[in-house]
Amino acid sequence: MKYNEDRVILRMSGITKRFPGTLALDNVQLVCEKGSVHVLLGENGAGKSTLVKIISGLYSKDEGTEWYDGKEVNFANVGESMDAGIGMIHQELSLLPERSIAQNIFAGRELKNGIMVDNKAMVKKSKELLDRLGLDYNPNTLIKELSIAQQQMVEVAKALSHDVKLLIMDEPTSSLTSKEIAKLFEIIDRLKQQDVAIIYISHRMEEIKQVGDYVTVMRDGQYIDTLDAKTAGMDELIALMVGRKIGNLYNRTYHEPGEIIFETKDLTGLRFRNVNIHVRAGEVVGLSGLVGAGRTELAKAAFGFDPVEKGTVSLFGKTMRHLSPSKCIKAGMGYLSEDRKTEGLLLPMSIEENIVEASLGKFFPNGFLSRGPEKEQGKKYVEELNIATPDSSKAVGELSGGNQQKVVIGKWLATGCKFLIMDEPTRGIDVGAKSEIYKLMDDLVAQGYGILMISSDMQEIIGVSDRVYVMFDGEVSGELERGEIEQQAIMRFAVGGKRGGNEA
Amino acid sequence: MKRKFKLAIPGIALFDILLYIFFSFATENFFSSYNTILILRNSCTLVIASLAMTMAIMVSQIDMSIGSVISTAAVMVALMVNKGIPVIVAIIAAVAMGAAVGAVNGILIAKFKFDFWVVTFSTMSIMAGIALVISGGETIGFQNEFLDWVGNGTLPGGIYWVIIITALITAFMIWVERKTNFGYNMFSIGGSEVVAKNSGINVPLNRFKVYLFSGILSAITGVIVASMTAAGGPTVGSEYGFNAMAAVVIGGTPFVGGKGGMLGTVFGTILLKILASGLSMMGIEPTWQKAITGVIIASLIIIDVLNEKRKVKNGLRRVYHDVEK
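Protein chains in written order, with this note's numbering: chain A, 2 to 505; chain B, 148 to 472.
Simulated from the structure, these hints should not be mistaken for lab results. Do not take every clue at face value.
Below 25 Å or equal to it, Euclidean Cα-Cα: the simulated PhoX-like pairs (lysine-lysine) are [stated by the list, open to error]:
{"no.": "1", "chain 1": "B", "residue 1": "LYS406", "chain 2": "A", "residue 2": "LYS125"}
{"no.": "2", "chain 1": "B", "residue 1": "LYS437", "chain 2": "B", "residue 2": "LYS456"}
{"no.": "3", "chain 1": "B", "residue 1": "LYS356", "chain 2": "A", "residue 2": "LYS145"}
{"no.": "4", "chain 1": "A", "residue 1": "LYS331", "chain 2": "A", "residue 2": "LYS376"}
{"no.": "5", "chain 1": "A", "residue 1": "LYS121", "chain 2": "B", "residue 2": "LYS326"}
{"no.": "6", "chain 1": "B", "residue 1": "LYS260", "chain 2": "B", "residue 2": "LYS356"}
{"no.": "7", "chain 1": "B", "residue 1": "LYS344", "chain 2": "A", "residue 2": "LYS126"}
{"no.": "8", "chain 1": "A", "residue 1": "LYS128", "chain 2": "B", "residue 2": "LYS406"}
{"no.": "9", "chain 1": "A", "residue 1": "LYS266", "chain 2": "A", "residue 2": "LYS193"}
{"no.": "10", "chain 1": "B", "residue 1": "LYS456", "chain 2": "A", "residue 2": "LYS342"}
{"no.": "11", "chain 1": "A", "residue 1": "LYS166", "chain 2": "A", "residue 2": "LYS145"}
{"no.": "12", "chain 1": "B", "residue 1": "LYS437", "chain 2": "B", "residue 2": "LYS356"}
{"no.": "13", "chain 1": "A", "residue 1": "LYS113", "chain 2": "B", "residue 2": "LYS456"}
{"no.": "14", "chain 1": "A", "residue 1": "LYS113", "chain 2": "B", "residue 2": "LYS260"}
{"no.": "15", "chain 1": "A", "residue 1": "LYS145", "chain 2": "A", "residue 2": "LYS193"}
{"no.": "16", "chain 1": "A", "residue 1": "LYS145", "chain 2": "B", "residue 2": "LYS326"}
{"no.": "17", "chain 1": "A", "residue 1": "LYS342", "chain 2": "A", "residue 2": "LYS380"}
{"no.": "18", "chain 1": "A", "residue 1": "LYS113", "chain 2": "A", "residue 2": "LYS128"}
{"no.": "19", "chain 1": "B", "residue 1": "LYS456", "chain 2": "A", "residue 2": "LYS311"}
Pairwise CB distance ranges, derived in the manner of DEER restraints [unchecked claim]:
{"no.": "20", "chain 1": "B", "residue 1": "SER269", "chain 2": "A", "residue 2": "GLN195", "range": "24 to 34 Å"}
{"no.": "21", "chain 1": "B", "residue 1": "VAL341", "chain 2": "A", "residue 2": "ALA240", "range": "29 to 39 Å"}
{"no.": "22", "chain 1": "A", "residue 1": "TRP68", "chain 2": "B", "residue 2": "PHE389", "range": "50 to 60 Å"}
{"no.": "23", "chain 1": "A", "residue 1": "GLY368", "chain 2": "B", "residue 2": "LYS437", "range": "37 to 47 Å"}
{"no.": "24", "chain 1": "B", "residue 1": "GLY430", "chain 2": "A", "residue 2": "LYS121", "range": "45 to 55 Å"}
{"no.": "25", "chain 1": "B", "residue 1": "VAL341", "chain 2": "A", "residue 2": "LYS121", "range": "45 to 55 Å"}
{"no.": "26", "chain 1": "A", "residue 1": "LYS121", "chain 2": "B", "residue 2": "PHE389", "range": "31 to 41 Å"}
{"no.": "27", "chain 1": "A", "residue 1": "ILE116", "chain 2": "B", "residue 2": "PHE268", "range": "31 to 41 Å"}
{"no.": "28", "chain 1": "A", "residue 1": "LYS328", "chain 2": "B", "residue 2": "GLY158", "range": "34 to 44 Å"}
{"no.": "29", "chain 1": "A", "residue 1": "ASN275", "chain 2": "B", "residue 2": "SER427", "range": "36 to 46 Å"}
{"no.": "30", "chain 1": "B", "residue 1": "ALA314", "chain 2": "A", "residue 2": "LYS328", "range": "35 to 45 Å"}
{"no.": "31", "chain 1": "A", "residue 1": "ALA447", "chain 2": "B", "residue 2": "TRP264", "range": "49 to 59 Å"}
{"no.": "32", "chain 1": "A", "residue 1": "ILE116", "chain 2": "B", "residue 2": "GLY158", "range": "28 to 38 Å"}
{"no.": "33", "chain 1": "B", "residue 1": "THR301", "chain 2": "A", "residue 2": "ILE116", "range": "49 to 59 Å"}
One side only, chain A facing chain B, incomplete, derived with CB under 8 Å [as the list claims (entries may be wrong)]:
{"no.": "34", "residue": "VAL79"}
{"no.": "35", "residue": "HIS91"}
{"no.": "36", "residue": "VAL118"}
{"no.": "37", "residue": "ARG493"}
Just so it is clear, CB atoms sit at the ideal spot from N, CA and C, and this is done for glycine as well.
Isolated chain A (complex conformation) (with noise of 0.2 Å):
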């Protein structure tokens, strides 16, 4: 890749990271250039965020040389970092839920007015930031007031908050709609006239072409090339990223779906009212709609977590009653939750014990754990769900988002559950693993499980639902057939249209 010499303003080479244990980066490089979009591409574990973090002071490099305009560097800490013009959106949100988010936005940096922090300026200067990216947001709100996609914005802007010249972004459009990914991409766009650099750590592959100017792959810790990312192939990235070639992301089979297991009837709720959906066995039912449509409270209500104000949930043909997680998984139903490692798995324990945990009555009838059972269970859906792993007493935490995903998966399987609702299913996990979550899928329906999926990817939605179910502002607003799955159609009803325009 020739780069242009004058506009280069960072250039690592022969950057080495050891971890414990682990071989984290391999003399790998990185050259980028000012007023350009570098993507790093690589499975999960490939080394990105590793390598973003070094730029950034976080961890400390073993090995290799930091350039940054036009001086060998090596960043000790964030804060000189940031002193330097580096600013960085990271991939979990890294805000303050009880602070307000003119105090997240200058948290670390705040203006002072002589020696007393001056919370009027930062009011005023988050207000103008804010306005820049074109966000009604009220400076005094707290974070945890706010929804997931707008606290990934306010860390936009609190990025943006000092002079940045080189701005690094972890997996920015993981949390965000499709309004606010156009309105991100508009912002890279205004930064990239200013002469900012920018790193852009991606899994979406249509997002390369759209905002990138150069692509890196990594793999296993190593760099494997830069490419154009205006002329580079999809497959082939998908190629040099896993290093395999995979076949067809979305590969469904159509049953012919049986008995009605779920069903809803004016389900109202926190945040949703008057549902009224079904699954059947044997298909995967999507339900699509913007970030703060409804659609997880839904989900969480309809498990028991969350409290249902009316209307009734059925499972199996029989309408429950006083709805707790506990009847809802002895009724045959699972709940893979939106984040998994905090509300799915418990990442200090071994695979097995995670997978037996929501089971243990009917592992353990007698009350007394014992690890013949247990190891059995691991063992088992070890195997069947191809979860790689040595063995199956190993710590979760250890595992890749899609092992990890895959063990959830276990968890819900081993309590004998025949319908699953799974809450973005594949968020932060890899092509590659996600290609084998599908297939997983794919197989369960085939033994007539049904699966009510939650997605904010709309690729996804597409390519693997047999029906969806647009939510819009806590209603259902639209239900497609198989056949008249689309995007133009999703998002008619994603945003409040009707169908046909004449229902309403």
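Since the structure of chain A is provided, determine the placement of chain B on it from the hints.
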């Protein structure tokens, strides 16, 4: 402006007022300026110790050594005054001791990453031992005009100087909390250490400052305790640690840190003292007082948790409309 004022006063102040009104009607002698001033005077030392504890709890930690530093400071002042050392030197020496203990805590916790519980528990034991050794295990009485003025002197209106001193220290600490980078950083670190690091905040340095402040404030508390009683007892501080934790949590700073603050702690402390005074005047035995205090603290915290849940729920509803419309 109005909104800002509303935000700045913690909800616990309301409970203080309600409780005050309740005891005013329930007992004969509770409602009087004399008793009110007495309650405030009795709150002073615990207020300062609790301010120290607030800082540690704010950054998701605990300083167990507060009580022993109080004892040691009180004994040091008593011994030095009896030896004829100028009182100002004695006070400076005691505060320097507090700063040193705080610095040791801070270095071990912030720089060497030892567990805060182990470190402050150890310094607590060490300082408790030192207080006993240097005092010979006995309470040491002393006479000193300046300290007597600090502890027992009054303004013409009958208000004690110690209340004024405490108010000044409190005002300074609230200023530190709300108007300095250090104060903001405490909230950030307590809210999430990862976020603080990602935002370029020097977490170890700020932790160190927390323990340094905590040590100094504890030593000042010890000096005031000695002044008020004209004596330095080797175990006078032993109850302060847990009482300060209670005051902080009642005041709205949870053990996970990151929210609440010093003003809440002040009201939390006063609440404890209103309870003590009111229950005594109702003729309830000290043994029962403890149990009743526990029940009231528990119910306050339950009310607070429920209230918080309701707020979050309403917050969700509101956002849901903001987002979509």
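| request: Quick one: which hint numbers does this structure break? Sort them smallest to largest. | output: The structure conflicts with hints 2, 3, 9, 11, 12, 13, 14, 15, 20, 25, 29, 30, 33 and 37, although it agrees with all the remaining ones.
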